[in-house]
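Build the full structure now, drawing on both the sequences and the hints.
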Amino acid sequence: LLSLYTITYSIEEKNFVDFPEADYEKGERFIYGSILKVDYENRKLIINQHMDHHSQRVSPVLKVREDVVIILKRNNKAMNIDFSDLKAEDMFGLILDQSNMVRGIIIFV
Numbered sequence: 001l002l003s004l005y006t007i008t009y010s011i012e013e014k015n016f017v018d019f020p021e022a023d024y025e026k027g028e029r030f031i032y033g034s035i036l037k038v039d040y041e042n043r044k045l046i047i048n049q050h051m052d053h054h055s056q057r058v059s060p061v062l063k064v065r066e067d068v069v070i071i072l073k074r075n076n077k078a079m080n081i082d083f084s085d086l087k088a089e090d091m092f093g094l095i096l097d098q099s100n101m102v103r104g105i106i107i108f109v
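Per the working numbering, residue 1 is the first one in the sequence shown, and the count goes up by one each step.
Hints listed in this document are in silico derivations from the structure and should not be mistaken for laboratory results. From the three backbone atoms N, C-alpha and C, an ideal C-beta is built for every residue, glycine too. Be careful, since some hints might not be right.
Computed list of lysine to aspartate or glutamate pairs in DMTMM-like fashion (alpha-carbon distance at most 20 Å, straight line) [claimed, not checked]:
{"hint": "1", "residue 1": "Lys44", "residue 2": "Glu28"}
{"hint": "2", "residue 1": "Lys44", "residue 2": "Asp82"}
{"hint": "3", "residue 1": "Lys87", "residue 2": "Asp39"}
Computed beta-carbon distance windows for the label pairs [claimed, not checked]:
{"hint": "4", "residue 1": "Ser34", "residue 2": "Asn76", "range": "19 to 25 Å"}
{"hint": "5", "residue 1": "Phe83", "residue 2": "Ser59", "range": "14 to 20 Å"}
{"hint": "6", "residue 1": "Ile46", "residue 2": "Glu66", "range": "15 to 21 Å"}
{"hint": "7", "residue 1": "Lys77", "residue 2": "Asn100", "range": "17 to 23 Å"}
Right, here's the structure in full:
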């Protein structure tokens, strides 16, 4: 399974791997929320989804793909982090693929 990602360069010439936006026509979804618990061994997140009038409720237990791209963002700076860096109470935006697996996560700090 090949995935396409974009290398993005910031003003400071530091780079990070980005991921494509959610493709709603292919059944992908973008959701907001916070992490309640991380199951590192089984690559699962237990989440509290933040809902608005456009949101579709998802399962609070999400499986994370092996090839997930995770971005840590603060103001106008960004960097990639690993699944092992995630922790409870992290605020996120994430993309669920058509199989309801997490393919991209943005952590906001």
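Against the structure, the hints:
no. : hint                       : result
1   : Lys44 - Glu28              : holds, 18 Å
2   : Lys44 - Asp82              : holds, 14 Å
3   : Lys87 - Asp39              : holds, 10 Å
4   : Ser34 - Asn76: 19 to 25 Å  : holds, 22 Å
5   : Phe83 - Ser59: 14 to 20 Å  : holds, 18 Å
6   : Ile46 - Glu66: 15 to 21 Å  : holds, 19 Å
7   : Lys77 - Asn100: 17 to 23 Å : violated, 31 Å
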